[in-house]
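Asks: Hey, can you work out the whole structure from these sequences and the hints?
Number of protein chains: 2
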Amino acid sequence: MNFCSHCAHPVVLEVPPNDSLPRYVCSSCARVHYENPKMVVGCIPLWQDNILLCRRNIEPAMGLWTLPAEYLECGETAAAGAARETLEETAGVVANLQPYRLFEITHISQIYLMFLAQLQSTAVRATDESMEVKFFQEQHIPWDSIAFPVIEQTLQGFFSDRVRHDFSFRILRVTTRMKSPGQ
Amino acid sequence: MNFCSHCAHPVVLEVPPNDSLPRYVCSSCARVHYENPKMVVGCIPLWQDNILLCRRNIEPAMGLWTLPAEYLECGETAAAGAARETLEETAGVVANLQPYRLFEITHISQIYLMFLAQLQSTAVRATDESMEVKFFQEQHIPWDSIAFPVIEQTLQGFFSDRVRHDFSFRILRVTTRMKSPGQ
Chain A
1 MNFCSHCAHP VVLEVPPNDS LPRYVCSSCA RVHYENPKMV VGCIPLWQDN
51 ILLCRRNIEP AMGLWTLPAE YLECGETAAA GAARETLEET AGVVANLQPY
101 RLFEITHISQ IYLMFLAQLQ STAVRATDES MEVKFFQEQH IPWDSIAFPV
151 IEQTLQGFFS DRVRHDFSFR ILRVTTRMKS PGQ
Chain B
1 MNFCSHCAHP VVLEVPPNDS LPRYVCSSCA RVHYENPKMV VGCIPLWQDN
51 ILLCRRNIEP AMGLWTLPAE YLECGETAAA GAARETLEET AGVVANLQPY
101 RLFEITHISQ IYLMFLAQLQ STAVRATDES MEVKFFQEQH IPWDSIAFPV
151 IEQTLQGFFS DRVRHDFSFR ILRVTTRMKS PGQ
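Chain order of the listed sequences is A and B. Numbering follows this note's numbering, with no gaps: position 73 of the first sequence is 73. Numbering follows this note's numbering, with no gaps: position 64 of the second sequence is 64.
Keep in mind that the hints were calculated from the coordinates and are not lab data. Be careful, since some hints might not be right.
To be verified - Stretches of chain B that chain A covers, calculated by requiring three or more beta carbons in the stretch to come under 8 Å of a beta carbon on chain A:
1) 7-19
2) 29-38
3) 103-117
4) 159-166
Cβ coordinates follow ideal geometry from the N, Cα and C atoms, glycine included.
Replies: Structural data, given as structure tokens:
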């Protein structure tokens, strides 16, 4: 951030009055431009004992496998956002969304809220966002080709919880960094 | 938003390529400035069967009663943010934070994540942010002077859950608007 989005004058990084952290403050109109963590919403789309994964058709991590997840939009609920994203990435329709995990990724200020969700049919297909979509049973999950640590951790948690028949909501932290391309 | 925070040229509101919603896009450098919901974190500070409330010393809703809650900062976990805010508003130290409710307030694009939390002592006091802090039992909650609908709904849910001994995490929506001053 270089300039005030309200009046176009330069911003400076300083601690505003009655605050304790540095913020971008306009040198002219004194507006404070706060930056806050962003929420990503997604789901584990289930069909019987299969999980639907998507192979990313966009960067980052193009070609790797993921679960449907995207930034929450203003004005929508988290469950609606997760269902919308599943539709956009897989053409699949989900229902009965149940809150499952909240992952905090503090080093990139992202919060992932993941739901368990029931696919209403197996009518899914590749889309602009996914070069391939496919149902997986646990033993066939492509662990070496998962796009992001948070997705790997979601899947590992799910299979572990399934053994214990306990899908209680939990808040967890993701501290693993993303692999660099080629690693 | 009037100007690009990167290059200071005017922004226009338009749907970017491969997107479906209008965003502020720079007319010069083409940067897209996304706006996303903000997360507020807070808690119900408990001491035996008492709840600690704070009387707001700042606008909005100055003079009305609330629970400690504030915007989540970049780089902190939600539980750490809720504990920090409790300290700032009441000087109270909480531990054993348990995720309790996620409230979606879509008409103002805010998400409240509220925890149940155990105060470690009754050492609490008024602060810059709270003109008064006080322990309440259910029958003495000042229902006519609660600052925000989300706080009222959190408290109502808590007392209802306490009867049923079930504090399961739930996602709920807040659709009630704030009262205008003087109402």
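Asks: Determine for every hint whether it applies to the structure shown.
Replies: Each hint tested on the structure:
no. : hint    : result
1   : 7-19    : holds (count 4)
2   : 29-38   : holds (count 6)
3   : 103-117 : holds (count 6)
4   : 159-166 : violated (count 0)
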